Amino acid sequence: MNVRLFGVVVAATVFTVSLAHAQTNQPPQQFKYAATQLKELKAAQEAAEQRAAPQNAGRKLGRGIANLLFGIVEVPNQVTQTSADRGGAAGTTFGVGKGIMRWIGRELVGAYEIVTFPFPMPSGYKPIIRPEWPNEDYEPP
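Its first residue numbered 497, the sequence shown is counted upward by one per residue in the numbering used here.
Any given hint could be a false lead.
Once the Cα atoms are required to be at most 30 Å apart in a straight line, the calculated DSSO-like pairs of lysine-lysine come out as [stated by the list, open to error]:
| hint | residue 1 | residue 2 |
| --- | --- | --- |
| 1 | Lys594 | Lys538 |
| 2 | Lys622 | Lys535 |
| 3 | Lys622 | Lys594 |
| 4 | Lys538 | Lys622 |
| 5 | Lys535 | Lys594 |
No wet-lab data here; the hints were simulated from the structure.
Computed from a predicted model, the values in this text were never measured in an experiment.
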């Protein structure tokens with residue numbers, strides 16, 4: 497009985513997911529202008545932060561710890577951003593995969609920065625990954 501119920505649930509899930517697809521490969525019109533403005537705003541904000549916050553060993557250590565502990569934040573961030581840019585179906589498929597890959601990258605960069613924080617590499621303790629902190633990339637639509 498449980499096997500049949502499980503089979504019905506799996507079949508219903510596969511059928512429902514097969515119905516969810518985009519009509520085109522273009523993002524929704526209402527998000528194009530907002531996404532462009534958001535990218536410009538983020539670039540200006542990053543430039544201002546780089547001028548305001550000097551890079552040093554303590555900042556590199558803190559950045560490494562933050563990336564190691566909070567790298568998982570990349571998964572919901574990328575789902576949200578991909579959904580805003582390309583629609584909900586892309587957010588729940590492509591966004592999850594992109595988030596997992598960025599999460600792994602943040603974990604590795606965090607471990608590297610913790611181990612090498614006393615040394616100014618790359619030159620001037622500059623961050624290896626952008627954005628510098630895991631929570632900087634999150635902008636709800």
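Evaluation of the provided hints:
1. Lys594 to Lys538: holds, 19 Å
2. Lys622 to Lys535: Given that 30 Å is the threshold and the Cα spacing comes to 21 Å, the pair holds.
3. Lys622 to Lys594: holds, 24 Å
4. Lys538 to Lys622: holds, 18 Å
5. Lys535 to Lys594: Distance of about 18 Å is within 30 Å: holds.
Comparing the model with each numbered hint stated earlier shows that all of them hold.
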